[in-house]
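Chains as they are written, first to last, in our numbering: chain A, 1 to 189; chain B, 1 to 726; chain C, 1 to 136; chain D, 1 to 369; chain E, 1 to 101.
Take the hints with a grain of salt, since some may be wrong.
Unchecked claim - Derived coverage of chain C by chain A (criterion: at least 3 residues anywhere in the stretch with Cβ under 8 Å from a Cβ of chain A; other residues may be distant):
{"hint": "1", "stretch": "26-38"}
{"hint": "2", "stretch": "84-91"}
{"hint": "3", "stretch": "117-124"}
What the hints assert, rightly or not - Here are the simulated lysine-lysine pairs, BS3-like style, with alpha carbons at most 25 Å apart:
{"hint": "4", "chain 1": "B", "residue 1": "Lys28", "chain 2": "C", "residue 2": "Lys121"}
{"hint": "5", "chain 1": "B", "residue 1": "Lys35", "chain 2": "B", "residue 2": "Lys474"}
{"hint": "6", "chain 1": "B", "residue 1": "Lys618", "chain 2": "B", "residue 2": "Lys638"}
{"hint": "7", "chain 1": "A", "residue 1": "Lys25", "chain 2": "D", "residue 2": "Lys337"}
{"hint": "8", "chain 1": "D", "residue 1": "Lys337", "chain 2": "C", "residue 2": "Lys120"}
{"hint": "9", "chain 1": "C", "residue 1": "Lys42", "chain 2": "D", "residue 2": "Lys84"}
{"hint": "10", "chain 1": "B", "residue 1": "Lys27", "chain 2": "B", "residue 2": "Lys167"}
{"hint": "11", "chain 1": "B", "residue 1": "Lys167", "chain 2": "B", "residue 2": "Lys618"}
{"hint": "12", "chain 1": "C", "residue 1": "Lys121", "chain 2": "D", "residue 2": "Lys337"}
{"hint": "13", "chain 1": "D", "residue 1": "Lys98", "chain 2": "C", "residue 2": "Lys42"}
{"hint": "14", "chain 1": "B", "residue 1": "Lys620", "chain 2": "B", "residue 2": "Lys165"}
{"hint": "15", "chain 1": "C", "residue 1": "Lys42", "chain 2": "D", "residue 2": "Lys88"}
{"hint": "16", "chain 1": "D", "residue 1": "Lys88", "chain 2": "C", "residue 2": "Lys36"}
{"hint": "17", "chain 1": "B", "residue 1": "Lys382", "chain 2": "B", "residue 2": "Lys532"}
{"hint": "18", "chain 1": "B", "residue 1": "Lys690", "chain 2": "E", "residue 2": "Lys97"}
{"hint": "19", "chain 1": "B", "residue 1": "Lys605", "chain 2": "B", "residue 2": "Lys618"}
{"hint": "20", "chain 1": "C", "residue 1": "Lys120", "chain 2": "B", "residue 2": "Lys27"}
{"hint": "21", "chain 1": "B", "residue 1": "Lys35", "chain 2": "B", "residue 2": "Lys113"}
{"hint": "22", "chain 1": "B", "residue 1": "Lys31", "chain 2": "B", "residue 2": "Lys79"}
{"hint": "23", "chain 1": "B", "residue 1": "Lys113", "chain 2": "B", "residue 2": "Lys28"}
{"hint": "24", "chain 1": "B", "residue 1": "Lys661", "chain 2": "B", "residue 2": "Lys638"}
{"hint": "25", "chain 1": "D", "residue 1": "Lys98", "chain 2": "C", "residue 2": "Lys36"}
{"hint": "26", "chain 1": "B", "residue 1": "Lys28", "chain 2": "C", "residue 2": "Lys90"}
{"hint": "27", "chain 1": "E", "residue 1": "Lys26", "chain 2": "A", "residue 2": "Lys25"}
{"hint": "28", "chain 1": "D", "residue 1": "Lys292", "chain 2": "D", "residue 2": "Lys16"}
{"hint": "29", "chain 1": "D", "residue 1": "Lys84", "chain 2": "C", "residue 2": "Lys36"}
{"hint": "30", "chain 1": "D", "residue 1": "Lys84", "chain 2": "C", "residue 2": "Lys90"}
{"hint": "31", "chain 1": "B", "residue 1": "Lys113", "chain 2": "B", "residue 2": "Lys382"}
{"hint": "32", "chain 1": "B", "residue 1": "Lys174", "chain 2": "B", "residue 2": "Lys474"}
Quick caveat, the hints were computed from the structure, so don't treat them as lab data.
All values reported here derive from a predicted model rather than from experimental measurement.
In this text, a Cβ means the ideal position worked out from N, Cα and C, and glycines have one as well.
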Amino acid sequence: MFLNLLFLTSALLTVGCSVAVLAVKNLMHACVFLLGALIGIAGLYATLGADFVAVTQIMVYVGGVVILMLFAVMLTGGKDHVSKTQKLKSLIPAMGNKTSYLIGCLTALVFFLTQGYLVSKLLGSIEVQKQVDTFSPTVQELGELLITNHVLPFELSSVLLLGALVGAAIIARPRKARPQYEEEAEEHH
Amino acid sequence: MEYTIANVAPIFLAPFFAFALNCLLIKKAPKLVDKVSVLGILVAFVFAIRIAVDFTGVANTDYYIHKVFTWFDLGETFKIDMGIYIDNMGAIMLLMVTGVASLIHIFSTWYMKGDVRYERFFLYMSLFTSAMLGLVLSDNLLSVFIFWEIMGFCSYSLIGFYFEKEKAGYASIKAFMTTRVGDVFFLLGILAIWHTVGSVDFVSIYNAVQAGAFGTTVSFLGMEVGLAAFAGVCIFLGTIGKSAQFPLQVWLPDAMMGPTPCSALIHAATMVAAGVYLSLRMYPMMVAGDLLNLIAMIGGITAFGAATIAMIQTDLKAVLAYSTISQLGYMVLGIGVGSYNAAFMHLITHAVFKACLFLSAGSVIHTVHTQEMPEMGGLRHKMKWTWIAMWCCTLAIAGVPIFSGFVSKDRILGDALYTALHAGLGYKYAVPALLGFLGAFLTPFYMCRMMFLTFHGKPRDQHIYDHAHSEHLKLNQNVPLLILSVFTLGMFFSGSLTGLGKIPAPVVPTEWFKTLVDSPTNNLERFSTYTKQQFGSVDTRENRVLEKTVYDSEAMTGYAGPNPDNKDGLHHAHVEGAIASVVIVACSIFLAFLMYIRGTIDPGKFVKMFSGWVTALKNKYYFDEIYIDVIIQKGLLKFNNFLAYVDMGLYDRYAIDGWEKVSRTLYRASRWFDDNVVDNTVDAFGVLAKTGHAVLRGLQSGLIQIYFIVLIIALAIMTVWINFIV
Amino acid sequence: MATESINIFIPVFVMMAIAVALFGGALLAAHLISPKNPTTLKEMPYECGEEPVGTAWSLFNIRFYVVGLIFIIFDVESVLMFPVATIFKKFNELGQGTYVLIIFLSFITVLLEGIAYCWKKGDLDWVKSFKAGDRK
Amino acid sequence: MTNTIAEFFYQFEGFKSLVEGMNPVTVSVLIIIAAGALVTVFMATVGGFGTIAERKISADLQARIGPNRVGPYGAFQLIADGIKMISKEDIFPRDADKFLFYLAPFICVFGVVSTFAVFPFGSGIALSQMNIGVFYLLAISSLVGVGIFLGGYASNSKWSMLGGMRGASQIISYEIPVTLSIMSIIVLAGGLSFESVLASQSGLPHNWYIFHNPFTFIGFFVFFVGGLAETNRAPFDLPEAESELVSGYHTEYTGIRFGLFALAEYMEIFILCGVAATLFLGGYNLPLGVLKGTVPEQFLQFGTILIKTLALYYVVIWVRWTFPRLRVDQLMTICWKYLTPMAIFNLVGCAVWMVAFDGKSMFDLFFGH
Amino acid sequence: MFGLEWYLGISLVLFFVGIAVILSRKNIVAILLGVELILNSAALNFVAYSRFVTQNLDGHIFSLFIIVIAAAEAAVGLAIVIRYFQINNTIHVDEAKELRG
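Please construct the entire structure, taking both the sequences and the accompanying hints into account.
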């Protein structure tokens with residue numbers, strides 16, 4: 001009973017907030033709705049017994065990614081470029097003309113149908129367990145997996161993050177507002 | 001005491017880490033370098049004391065530590081272990097090396113102070129010490145060879161330490177090249193042993209000798225040579241090179257271009273003794289190859305010849321250098337007459353007094369800023385402490401009773417006399433014994449001459465005398481000398497004052513040295529019960545004891561030394577030898593006294609009398625000239641020219657130039673192909689790419705969302721394909 | 001491994017609901033009680049009595065962003081380290097402590113390299129952008 | 001093992017017979033709602049008392065009297081303040097982002113109140129004994145940073161904006177040393193739940209993790225300083241620096257929304273002190289096994305954790321009135337150049353200690369057998 | 001009880017919303033929001049299959065690494081966006097076409 005309640009709440013939060021991300025005008029609000037959607041997904045993880053993944057989702061996304069997004073929106077002025085054409089009917093392709101609208105709709109339709117077909121075929125062919133409201137604590141087992149079977153990805157992920165840190169720090173390092181070549185080009189004119 | 005790798009390895013590792021650390025410090029913190037070096041060697045000294053106390057605590061036992069690890073393993077046939085091997089001899093050697101080296105390090109902080117390359121000197125000294133200790137700890141010939149070469153490199157660097165001087169540079173090259181001759185043969189010997197035994201560690205070699213593995217012969221330059229003799233000669237050639245024996249002795253006098261403390265450590269106390277040490281380790285091999293007579297001859301010739309040259313030298317350090325060669329000759333003579341124990345004893349006593357002598361000479365040179373004895377004289381008033389220390393050592397090297405040189409040298413001479421007279425080997429050994437006694441007459445003479453010229457009489461150059469500073473007792477100048485000179489007393493080695501074993505001294509057990517160090521040939525069988533320990537295991541003394549057994553020379557193929565069972569003859573020869581050498585020493589010192597203090601006898605008369613010989617002495621028996629003019633100019637250079645002709649005249653002209661013609665032709669053909677066929681093909685691709693570019697360019701709009709739509713469409717098509725077509 | 005019920009999430013859920021209720025209740029109470037008479041002056045942003053010029057939404061120092069950037073990398077690394085830290089004791093008791101320690105330390109070393117790089121390059125200095133030469 | 005507070009009640013026979021025949025989940029939910037409300041009220045009261053304590057202690061430190069009009073020694077000042085907050089006008093700035101302006105205090109309160117779900121008040125007396133309780137607490141409390149940033153942003157006032165940005169970057173920065181300090185405790189305890197950390201400590205100081213080894217001793221101070229910064233307490237109160245930024249991120253907030261911000265902050269300090277006491281100072285453990293396994297033990301445990309927490313709370317207030325505020329660059333320097341390397345050092349040290357000494361504490365090494 | 005297909009459905013919805021965000025928004029930051037949604041839908045799929053089909057924790061590990069990669073991607077992506085904004089003073093996606101052929 002509680003499981004169903006938790007699932008329904010989380011699912012509603014997720015779907016609602018993600019649609020809101022699509023629909024709202026203000027980018028700042030979109031970021032906040034993304035936060036809601038991510039918390040909802042954390043709730044879904046909890047219903048799946050993935051307690052550690054759920055809390056990680058909150059820790060990384062809420063504590064880190066969303067704040068970074070908010071910062072980025074602030075830094076880039078928070079202007080919403082789509083405000084002119086942002087209407088519910090032109091949501092999906094928004095490429096500005098009728099042909100693209102058509103192509104987009106058709107693609108989405110084909111995609112949705114084939115995906116649905118694929119999933120239904122898949123569900124028919126595999127053995128799917130019933131949802132139960134008990135689970136085992138995962139963190140110890142995750143730790144063991146991380147240092148045994150998955151030790152290489154574990155160590156490599158640290159290198160990946162190091163690379164990301166170095167790269168991002170180089171790119172985002174405060175410098176003059178405009179690079180050198182642009183000024184030189186100006187001088188030539 | 002329990003032995004693990006943790007309390008053995010630091011002996012070698014402490015100086016090595018000091019070296020490694022100094023490599024980092026030398027640029028950043030040069031002030032710390034000398035302290036780190038001294039600390040490193042002192043740590044090694046402390047560990048060596050622990051081991052030596054444990055080893056020498058119980059007499060009449062043989063005891064070893066042997067720990068190995070696999071160095072590399074290329075299957076059954078090629079597997080090399082590295083390891084640590086310590087027995088009684090090694091323990092005493094470790095104590096000597098660390099003790100002398102630490103005193104020399106301390107002395108160097110005074111002597112080298114203010115030198116431009118002060119830090120670098122300590123760097124090399126630490127590396128050298130660690131290599132020497134590594135050599136002593138080695139359990140096999142291969143690691144001996146590695147450390148041997150590291151020492152050679154350090155020696156080379158230190159001889160050429162003052163590379164601004166052209167002579168120093170040449171001297172270092174000479175030393176390096178001359179010892180290389182011996183090293184090549186040494187390596188050859190190692191290969192011969194490895195080929196025969198399949199292993200190069202000492203114990204395996206002993207066991208192989210015992211099992212008669214060296215009984216076969218090999219064909220060498222058309223001659224059938226016994227394998228043992230071949231390998232033994234090769235290894236002994238290594239000794240000849242390193243220990244500056246005849247005929248490769250030429251490098252050692254020139255090596256005195258290096259700083260005096262390095263001469264003391266490397267060219268007097270340790271490195272040159274390492275050659276003798278190697279011969280001692282390989283003693284069963286020498287015996288099996290029946291090489292002792294050859295060794296004795298070479299030792300005798302070196303001992304006597306070097307002593308004669310030393311008589312006419314005027315350079316303080318040159319006298320000491322030739323005396324070093326001469327004393328090393330005695331050690332080799334000792335090995336040659338089967339006097340294993342006495343040869344090793346002489347190695348130790350010589351290391352102590354010769355290090356002291358060199359340090360004293362350094363002290364004098366540093367004070368008066370000259371090395372020429374004719375410019376000195378009367379320095380005893382100014383340098384009281386150095387004078388005392390140096391006299392102790394002079395008396396020791398001269399072989400005056402009470403001092404250590406008497407104990408060790410007399411035993412070598414006694415054994416030589418016994419071998420010549422009583423061993424029943426004919427008169428093959430008479431010549432070495434005679435040369436030994438002649439050398440024993442010359443040694444006190446030239447040493448006393450040096451002392452009289454330096455310290456006694458009137459100052460011959462008043463200017464230099466006045467400029468010399470009066471000496472005060474300094475912790476890093478005289479104290480090391482005095483400590484060393486205390487150990488020139490014979491009782492520390494024999495336990496009795498005279499060395500004859502009559503008056504027991506209270507401090508040291510009587511004849512501990514004789515009972516502790518024992519020739520492996522006395523009972524080679526015991527090594528067959530021998531087990532190696534892997535690294536990481538713990539040893540105690542109790543489970544590693546080897547029983548000492550009585551002498552059994554019948555098992556050996558060659559003459560293995562004086563038979564201790566023949567007590568009568570041995571005793572007889574030793575008493576005769578002792579009396580003879582005491583008389584000889586007394587005469588010799590008296591002669592020197594008359595010549596240089598009293599002036600009763602004019603040395604010039606002797607020079608006139610033996611003018612031809614003196615000219616030969618001045619030219620060091622023309623060895624350098626023979627090597628350069630005859631061997632190098634006439635032999636090697638011609639051979640070199642011939643090879644150059646083969647290379648340039650034949651190979652270059654025909655083989656290489658011929659190839660050039662062939663390739664030139666091929667090049668022309670391929671160029672035609674390239675111009676006409678390949679280029680056109682490439683152009684065709686270019687046209688294709690140009691056309692394709694025009695088409696594909698339209699897709700590259702630069703708009704992310706267009707790309708994304710293409711991606712999605714592709715994904716959709718793929719999904720459809722997977723679902724409905726596959 | 002012990003099996004737990006999904007019910008351990010009930011308190012979390014309930015507390016979140018209580019938070020909503022607390023917030024809603026407090027706002028409702030305030031809405032009912034507090035007076036409402038807004039004036040233009042009251043609704044103006046407080047700038048010590050001065051007339052506000054422009055919007056506040058353009059003030060942003062890129063330094064804050066760089067800090068956020070470094071933070072997120074460290075955050076993710078610490079999340080990955082938590083499971084390993086948890087099993088450290090267990091593996092140590094099994095005698096595998098050194099193995100885990102090596103893995104753990106090599107991970108932390110990379111983390112340290114990151115902080116060392118940022119330190120060296122001055123990304124951790126707040127006032128770097130005001131150094132002479134950087135200013136135009 | 002009890003997982004939630006409901007199962008704690010199930011261990012009493014009387015309770016079992018009382019609820020016989022009812023759906024256990026329903027009973028659990030009801031109990032949890034009741035207990036959660038109780039905890040929230042308790043925390044709110046403690047948070048409210050925090051303001052009184054702050055004023056009284058600061059007055060004491062400055063040789064003043066402090067509030068003394070409402071009730072004995074001014075003890076009812078809290079109620080007066082609460083009534084004042086509710087009855088003030090709720091002003092909405094003209095240019096503000098209305099949606100975010102409403103949402104920001106909610107996110108703050110949400111982040112703080114959610115942490116109560118795992119806080120251990122006694123053995124078995126925690127709303128939920130989640131197996132990753134410590135981690136959950138860390139994660140959910142990072143919501144406060146988002147709340148403060150949004151509060152600062154939504155006001156569209158320059159002071160608020162500055163305060164909000166400072167607050168967000170400060171909170172996220174100091175989360176790193178705090179996380180790493182906690183991780184060094186996790187390495188020693190071998191579990192991510194509060195219960196496993198507490199089970200490996202005991203009532204007497206020599207078994208507390210602060211005295212376990214030199215690294216945890218340093219780690220406690222790293223944690224505590226980092227915690228002060230995360231809760232925006234002096235000397236790290238830059239986001240609301242009244243002498244620079246008027247009132248920081250809540251300059252434009254009035255009435256009850258300001259009250260909720262303040263309440264969230266004070267409750268968060270209480271949680272911080274509680275976590276510090278639990279992880280480093282032995283938590284609710286009673287010394288010498290007093291009254292083991294009985295109901296009075298649990299009350300004593302509650303008293304123990306409360307005393308330790310309040311002692312730390314006193315230190316927090318004391319620090320505020322003792323040290324001057326830092327500059328922004330000093331703040332970042334302390335976090336990234338001192339605390340984070342120290343925390344990493346502690347973590348490595350604890351891991352090495354774990355392997356080298358089999359996880360024994362210093363006391364065991366010196367005096368153990 | 002809600003079974004696997006419900007989770008897959010939610011994942012599909014998230015995926016399509018993500019695509020729609022990417023296609024419809026003209027602000028690059030907003031496009032990154034869409035990317036996050038797509039990544040999350042994939043991670044949700046992994047955990048759901050891990051719960052309902054494979055019954056082991058490999059799916060959890062995979063979603064952990066997805067979160068790691070998403071964080072790294074967000075950090076670098078946003079840094080690039082900010083740099084671009086500093087140079088060109090716009091983050092309109094249609095104006096960012098320096099890579100046009």
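Checked hints:
Restraint check on the stretch 26-38 of chain C versus chain A: 0 residues with Cβ-Cβ distances below 8 Å, three needed, restraint violated. Given as covered by chain A, the stretch 84-91 of chain C passes the check, having 6 residues with a CB less than 8 Å from a CB of that chain where 3 are the minimum. With 4 residues having a beta carbon nearer than 8 Å to a beta carbon of chain A, the stretch 117-124 of chain C meets the requirement of three or more and the stated coverage holds. Using a Cα cut-off of 25 Å, the hinted pair Lys28/B and Lys121/C holds, with the two alpha carbons roughly 24 Å apart.
A distance of roughly 17 Å separates the Cα atoms of Lys35/B and Lys474/B; the hinted pair therefore holds under the 25 Å criterion. Distance hint between Lys618/B and Lys638/B is unfulfilled; the C-alpha atoms sit about 29 Å from each other, more than 25 Å. Restraint check for Lys25/A and Lys337/D: not satisfied, since their Cα atoms lie roughly 41 Å apart, outside the 25 Å limit. Proximity of Lys337/D to Lys120/C is assessed by CA-CA distance (about 11 Å); at most 25 Å being required, the pair is judged to hold.
Proximity of Lys42/C to Lys84/D is assessed by CA-CA distance (about 19 Å); at most 25 Å being required, the pair is judged to hold. Among the hinted pairs, Lys27/B with Lys167/B is inconsistent with the structure: their alpha-carbon atoms are about 28 Å apart, more than 25 Å. Of the supplied pair hints, the one linking Lys167/B and Lys618/B holds, its CA atoms being roughly 18 Å apart against a limit of 25 Å. In summary, the hint linking Lys121/C to Lys337/D is supported, as the alpha carbons are separated by about 13 Å, within the 25 Å threshold.
A threshold of 25 Å between alpha carbons decides the hint, and for Lys98/D with Lys42/C the separation of about 16 Å falls inside it, so the pair holds. With a C-alpha separation of about 22 Å, the suggested pair Lys620/B and Lys165/B falls inside the 25 Å cut-off, and the hint holds. About 13 Å separates the Cα atoms of Lys42/C and Lys88/D, which keeps this hinted pair within 25 Å; it holds. A C-alpha spacing of about 9 Å is found between Lys88/D and Lys36/C, which places the hinted pair at or below 25 Å, so the restraint holds.
In summary, the hint linking Lys382/B to Lys532/B is not supported, as the alpha carbons are separated by about 57 Å, beyond the 25 Å threshold. Proximity of Lys690/B to Lys97/E is assessed by CA-CA distance (about 22 Å); at most 25 Å being required, the pair is judged to hold. Straight-line distance between C-alpha atoms of Lys605/B and Lys618/B comes to about 16 Å, which keeps the hinted pair within the 25 Å bound. Using a Cα cut-off of 25 Å, the hinted pair Lys120/C and Lys27/B holds, with the two alpha carbons roughly 23 Å apart.
At most 25 Å may separate the alpha-carbon atoms for a hinted pair to count; Lys35/B and Lys113/B meet this at roughly 13 Å. Our distance criterion of 25 Å between C-alpha atoms is broken by Lys31/B and Lys79/B, whose separation comes to about 44 Å. A hinted pair counts as satisfied when its Cα atoms are at most 25 Å apart, and Lys113/B with Lys28/B qualifies at roughly 19 Å. Only pairs whose Cα atoms come within 25 Å are accepted, and Lys661/B paired with Lys638/B is rejected, the gap being roughly 32 Å.
Under the criterion of a C-alpha separation no larger than 25 Å, the hint pairing Lys98/D with Lys36/C is consistent with the structure, at around 17 Å. Between Lys28/B and Lys90/C the CA atoms are separated by roughly 45 Å; this puts the pair beyond 25 Å, and the hint is violated. Between Lys26/E and Lys25/A the alpha-carbon distance is near 12 Å, which keeps this suggested pair within the 25 Å criterion. Using a Cα cut-off of 25 Å, the hinted pair Lys292/D and Lys16/D holds, with the two alpha carbons roughly 22 Å apart.
Between the alpha carbons of Lys84/D and Lys36/C the distance comes to roughly 15 Å, so the proposed pair stays at or under 25 Å and holds. This hinted pair does not check out: Lys84/D and Lys90/C have alpha carbons roughly 54 Å apart, beyond 25 Å. Between Lys113/B and Lys382/B the alpha-carbon distance is near 21 Å, which keeps this suggested pair within the 25 Å criterion. Pair hint Lys174/B plus Lys474/B does not hold up; C-alpha atoms about 36 Å apart against a cutoff of 25 Å.
Hints 1, 6, 7, 10, 17, 22, 24, 26, 30 and 32, counting from the list given before, are not met by this structure.
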